[in-house]
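Undergrad: Please dock the two separately framed chains into a single complex, following the hints provided.
Single-letter residue listing:
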Amino acid sequence: MIRRSRERSAPDWRSVLAPVDDGRPYEEQLDALLDAVRRATGLPLVHLYLADPDGQRFHLERATLSASHASDNEGGAESMTSSPPSELLRGGDDRSSRVVATPMGRFWGVPLGVAESISGLVLVGPVGDAPPPDAGDAIDALRWPLSLAVDVARDREHLRRQLAAATSELQASRDLQSSALEIDRFVGLLLELARSATRADGGFVAVVDDTGRLTVRASTGLTESALARLDLAPETGMFDWAAADLGGALILRDLEAAIDLGWSSVLAVPVQDDQRALGIIALVSLGSGIGFDTDGLDLLSTYADQARLMLGNARLFSSFVTEYLATVQGLALSLDARRPHTRGRHAVVAASAALLAEGLGLAPDVVDAIRIAGTVHDVGMAALQDDDLAAGDLDHPSVSAGLVEHLPLHPEVVRAIRAHHEWYDGWGFPDGLRGQGIPIGGRVLAVAVLLAELAAGDPVRPPATIEQLADALEVRRGSQLDPDVVDVALRLLPDLPLRPTQEA
Amino acid sequence: MDHDIRTERGVTIVALTGDVDVAQGLGLRDLLGELLSGPPGPIVIDLAGVRFLDSSGVGLFVTSHRRAGEDGRGFALAAPGDAVRRTLQLTRTDRILTIHETLDDALGALGS
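Protein sequences, first through last, are from chains W and Z. My numbering numbers the first residue of the first sequence as 1 and each following residue consecutively. My numbering numbers the first residue of the second sequence as 505 and each following residue consecutively.
Extracted from the complex, chain Z is given alone in its bound form (with noise of 0.2 Å):
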């Protein structure tokens, strides 16, 4: 799993591409962990680049949604792909989840 971490309108984009899963959990956690110590505003995945998503990476969304939630701060996921997508309504995930079609629709409900 590779990330990209970027900025548009007052959003934090973090684009991750491979596979998100339990060989990659502890990187994702310590990447997600330092964004959400960090300054506040918005933090959107996008997970166009996402080949396949397990559990591991379906529990860090939800932990950071829950945390995000707390500190007042927007938390969504973008752009998800069949697989992906199909993964979050496996696990239902997608009844808690802010879950937007594409990027450009998470920048326009989150950003400045």
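Same shape as in the complex, but just chain W (with noise of 0.2 Å):
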């Protein structure tokens, strides 16, 4: 027999409202609801059903098992199964309180909202053929402001989830401005907004490479092992999104896996433009399958549009960037290619400049930086006529900075350009910064360009030695150069390609 001895509470309309006003998340709200009709009843299971759209049903919303139930029924005379019905048909009686059987036993239900418009039903029990009547009496007095707390908890859910997509357009929108290959960074962005507005408890984006192979890219709620145990393989993967009769449909493809991993439920959404598959989105479900309703879906839907516009666009762009530089950096192959001394001048500055970088210890992105730099550092002489070249051009680090500056590389790219014919001490160009305020960059291209230059030798002055270079090094040392890259250019000198290869 289920005991009677719980704490009981009279009804007070206050408390049930309370929730709703106090921010706290639509689940919890709701617990606290069915936990105050708990107390006020005595009754030890309390589960919230809503109405459908169409009418036809009420669906599971919330249930709540009272932590003394599981002792309280030790003694078996009530045969109960382990959760409620995920959903019930309408009758015409919906309208007033009433016994409701299921397969958890009898229950006491009682109908949310007004005649014409029944919104839910509280199921409180289990109860007899009817309610104790204190019991029942405590119900009826919570049954409108419960109606209303539900209704407002319910609505204000609605506009956080419309929110959650409105801000994720604005967010995606900013991002896409700002810079279109933050592709990681966005997509874990529009992960975590679906996680949320799904209540999924974790999910993760693949996205396909150049390989044509799905790569995770961005995860949540997933442990590290559970990842590293997903398989995306196109032909063998747990997923099946690549055969030919699919048609960019996609769809779960090994059962066993996903049941391994602790998944309950799994929502993959494809991400496709017009020809091809750019990644997928997963959403999953750990626990109790819960599963995702109209909104959350159509929220999924929205992200995973965004996705795909961030997606091709990224590869639109990411290809334009690599075709425009390699424009720009052939552009600083034919200037090198009309004199002989200057042959493959450009390579051998980015080759020697990324080793000086190295050797001055910077990180790997500022060392391809400044390797990218050193292959497009002198283009804006291109415009110039012949007989300009050899006296050279004030305005051409400028030029040849506005050439890429446009693109969106790493922003020491542009400042290394610019800032390769600064002095340390102040009487360079083009803006005449001195120490360190001359960008990294250009303190190092300024050491690999007067190597390559005196390395190269031109048509009055034979090729440096190898002493020669040092020699050189040490007069312009913290005038023109920075002493501190001097002396890495002294320590590497020997291993440094100061001349270009067969090939440039």
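Any given hint could be a false lead.
[Stated by the list, open to error] Away from chain Z, derived, C-beta distances all over 12 Å, residues of chain W:
(1) Y26
(2) D31
(3) D93
(4) V99
(5) D134
(6) R213
(7) A268
(8) E358
(9) L450
[Claimed, not checked] Quick list of the computed label-pair ranges, beta carbon to beta carbon:
(10) W:E157 to Z:G537: 36 to 46 Å
(11) W:A337 to Z:Q593: 56 to 66 Å
(12) Z:D575 to W:G55: 31 to 41 Å
If you're looking for bench data, these hints aren't it; they were derived computationally from the structure. Positions of the beta carbon are idealized from the N, C-alpha and C atoms, including for glycine.
TA: Printed below as a string of structure tokens:
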């Protein structure tokens, strides 16, 4: 027998309404509401059902089980299953309180809302043919404040989800404008929003790479070991998304793998443009399966569209950047070829500048930026006539930088190009910067350019020897050149690639 | 998830109720496997009682659709609710599977 010794409190509509006004999450609001009913009635099980839009059924929105119920029921006099039914068919008598028979036993069903618009049903129990009189009175007294509280909580949740969708779109637009290549950060943001909006336990975004394979670029709520066990190979992996007869559709192929990972449900959505698969967004439930409702699915569709735009644009933009940079580098190559002693000059400067940057202990992305800057640092001189090339042009660092400054490259690329003729003592050009005020890329390129010029020689000077190069560095230490970079150059001098290879 | 199987107009109707997801996947796979290995004749999955369908359920339907096609057997889904229909659209499987608005429509198309 269920003992009726649990705590009982008088129904108070103010305490029922309070949880929906204190900013706690939707599920916690409902839990608090149902707990208030449990305490007021003294009955251990309270389940909230909401009416489906089609008017045909109620679906289970939230269920609570009192902590003491399991031990209370040890006698086993009342047979119950472990979970309430996920939905109840509506009948003609759902406007008034009544006994409802479920696989968990008989419950007292109290409708929410007004007669013309029943919005839900609260089941409390278990009961026999009718609830105990005091429990029945208590739930009847709570019916209207409970109806109001559930409506408010549900409306606010709906609003929150709409807001999340709008925020996602706004954020996505900003991200597209500010940095089209920050794919990982962007898909991570979309994933977090999708998880939040759908109440999924976890998920991941995988993006198709250049070899046609899916690579996880963002994840949430999944362990490292679970991610390591994810097999996303197109022909044999967990998901089937590449079969010809699927035409871009995405299904779970390996049910056992999902079970092994502890997933109770998974919804994987393909991200696809007109021609090809770009990736997938997958959301996962780990516990008792929480299905996504229509609102959640609509939001997921929004996020998939955002991801499609982002990945499609990123792919196009990445291709554009690569091709544009190759064009500028080709221009630099042709500039070098105009004179025998400058042949391969940009490649030499780029290679030695990268080694100097590494020698200085700079971060890999900065090293790569300085290397790229080296490949195009003098391209602005391509506009000059041959007669002017020897003298150079005071504007060429700015012109060279201007050719690539609109590209989403590391900012050190443009800074290094623009500053490669600045002098450490402030007598350089175009900006007259001095000392550590000169971007590090510019200070490195200045050394690499000097060494490449002296090592190659010109019509009036023979190529310099290693000793002559070392002397040239020492003479310019602290005047033209950064002493720290000079130190590294002296150390690396025998190994620096100071002359063009055959290919260059 | 619960199911009910009956035959109308020569069509085997599998009425599913509840959630069709990973947790229910093995049972549904066995059920569909038995039906597809059984006597010939079209099969309709009545989804009117399904609250939530996930990628595993979608996968089982697509696999069954393929297998039925190989056997020359009709296979269709019927009466999906809004959330289920949305899932079929999101996974782009609505382009592959045969889906009827109502069970009557499905019986009209596949029944004798």
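Undergrad: For each hint, tell me whether it holds in the structure or not.
TA: Tested hints:
Distance check on Y26 of chain W: its Cβ is at least 18 Å (rounded) from any Cβ of chain Z, clearing the 12 Å threshold; non-interface status holds. At roughly 21 Å from the closest C-beta of chain Z, the C-beta of D31 of chain W stays outside 12 Å, upholding its exclusion from the interface. Taking the minimum C-beta to C-beta distance to chain Z, about 21 Å, the non-interface status of D93 of chain W holds against the 12 Å cut. No beta-carbon of chain Z comes within 12 Å of the beta-carbon of V99 of chain W; the shortest separation is about 22 Å.
With a least CB separation of 35 Å from chain Z, D134 of chain W remains clear of the 12 Å interface cut-off, as annotated. No Cβ of chain Z comes within 12 Å of the Cβ of R213 of chain W; the nearest lies about 19 Å off, and the non-interface call holds. Not every beta carbon of chain Z lies more than 12 Å from that of A268 of chain W, the smallest distance being close to 5 Å; the non-interface claim is violated. At the 12 Å boundary, the C-beta of E358 of chain W stays outside the reach of chain Z, the nearest C-beta of that chain being 47 Å off.
Distance check for L450 of chain W against chain Z: the nearest CB is about 60 Å away, which clears 12 Å, and the non-interface claim stands. For E157 of chain W and G537 of chain Z, the hinted distance range of 36 to 46 Å is satisfied, since their beta carbons lie about 40 Å from each other. Between A337 of chain W and Q593 of chain Z the CB atoms are about 57 Å apart, so this pair conforms to the stated range of 56 to 66 Å. For the pair D575 of chain Z and G55 of chain W, the supplied restraint of 31 to 41 Å holds, since their beta-carbon distance comes to about 39 Å.
When held up to the earlier numbered hints, the structure conflicts with hint 7 and nothing else.
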